[in-house]
Amino acid sequence: MPVVLLNHDFVEGMAYRADLGPVAVTLQDVQRRLGGDPMHVHPALAQQATGEGLFIAWANQHRNDVERGRLIDLLLRLLSGPFVTDLPIERDVSLLSDDPALPPEPPWRREAMRHLAAHALTAPSTAPWVLSFDPRSDLSQPRYRFAYGDAIAEVDNFRSSTEALHRLSELATCGLVGALATLEAAAQQESRLIVLDRARDAARKWNLDCPEATLFRALVDLAIYAAALDEGLSRELAAERYHKASGVPMSRESGEVARSPTCKRQRTFVVPGRGEQYFDMHAKPGASTRIHVWTDVVEDRHVVYVGHCGEHLLLPGGKR
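With the working numbering as the guide, the letters of the sequence shown map in order to residues 1 to 320.
None of these hints come from the bench; they were simulated from the model.
Owing to the predicted nature of the structure, the values given are computational and were not obtained by experimental measurement.
Heads up, some of the hints might be wrong.
DEER-style ranges, computed between Cβ atoms [to be verified]:
(1) Thr122 to Arg252: 47 to 55 Å
(2) Ser94 to Val177: 41 to 49 Å
(3) Gly255 to Ser288: 21 to 29 Å
(4) Thr162 to Ser94: 30 to 38 Å
BS3-like, lysine-lysine: derived pairs with alpha carbons at most 27 Å apart [what the hints assert, rightly or not]:
(5) Lys319 to Lys264
(6) Lys205 to Lys264
(7) Lys284 to Lys319
(8) Lys264 to Lys284
(9) Lys284 to Lys244
(10) Lys205 to Lys284
(11) Lys319 to Lys205
Here a beta-carbon is modelled for each residue, glycine too, at the ideal position from N, C-alpha and C.
Between the sequences and the hints, there should be enough to build the whole structure, so can you do that?
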């Protein structure tokens with residue numbers, strides 16, 4: 001089962017920002033969904049104490065950076081995990097050899113990296129990783145290998161928020177199968193997403209042709225599209241920003257589609273309190289998977305209504 005092993009600074013930082021009650025509920029939900037071995041969580045998660053950790057200092061420093069801000073938000077909300085920290089270990093971590101060699105200073109970081117490796121040796125299915133985006137960081141290698149006798153564990157070192165976001169998307173969809181489950185997980189994760197029942201119906205019927213992690217990213221990153229509209233960008237420019245961040249193309253339907261009564265009807269959905277709306281903007285996470293959206297301003301910010309999440313809708317002439 002893939003896990004993220006969080007250090008004390010992160011746990012303290014998370015406590016500083018959020019009530020830990022919802023965190024515990026999230027972990028319980030994840031465990032029920034994934035089953036398998038019980039998750040062991042750091043005792044700090046059961047407390048309501050707050051603290052100033054290194055993570056909080058880093059988060060405050062980058063709070064105005066759009067991409068890192070998204071990462072911070074994902075980490076603080078713990079996604080849908082599972083996130084595990086400080087599992088009990090029996091072996092002496094000082095006996096682990098590292099390749100490439102870790103910088104000797106600061107000693108706590110060397111200890112923490114070995115601690116993560118020891119967890120991975122104890123539970124081979126784990127995939128521990130660290131974040132070190134700071135350009136001053138001398139953790140320069142993408143991966144560190146640790147050996148204990150013949151046993152070897154690897155700890156990934158993410159040097160960019162893009163790398164970390166990709167891994168987090170994979171974790172968020174761990175245990176999810178199909179378009180509907182992924183759609184629901186994304187809606188739960190991103191507050192700017194409002195999913196219509198028609199989208200759920202389409203997702204329920206669709207055999208997804210892309211990884212669940214790709215669809216999840218395509219959905220939650222619609223918040224980037226909405227934020228770009230908040231800044232006054234046109235829909236086309238907002239779609240370009242979304243594409244750059246998510247890797248998923250997004251475009252507006254052609255005039256030919258709009259002029260076809262059949263095609264337009266397929267892309268028209270009833271929005272509660274707003275009546276019928278034409279959902280002509282669509283993201284393309286798979287060869288035939290399409291997400292049709294419409295936006296509105298609610299409480300001074302754009303929100304994204306998802307009207308369709310499933311197969312490619314009809315084009316003029318009956319093609320898909």
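Going through the hints against the structure:
| no. | hint | result |
| --- | --- | --- |
| 1 | Thr122 to Arg252: 47 to 55 Å | 52 Å, holds |
| 2 | Ser94 to Val177: 41 to 49 Å | 42 Å, holds |
| 3 | Gly255 to Ser288: 21 to 29 Å | 22 Å, holds |
| 4 | Thr162 to Ser94: 30 to 38 Å | 34 Å, holds |
| 5 | Lys319 to Lys264 | 14 Å, holds |
| 6 | Lys205 to Lys264 | 21 Å, holds |
| 7 | Lys284 to Lys319 | 16 Å, holds |
| 8 | Lys264 to Lys284 | 18 Å, holds |
| 9 | Lys284 to Lys244 | 13 Å, holds |
| 10 | Lys205 to Lys284 | 17 Å, holds |
| 11 | Lys319 to Lys205 | 19 Å, holds |
Against the hints set out earlier in the document, no violation occurs for any number.
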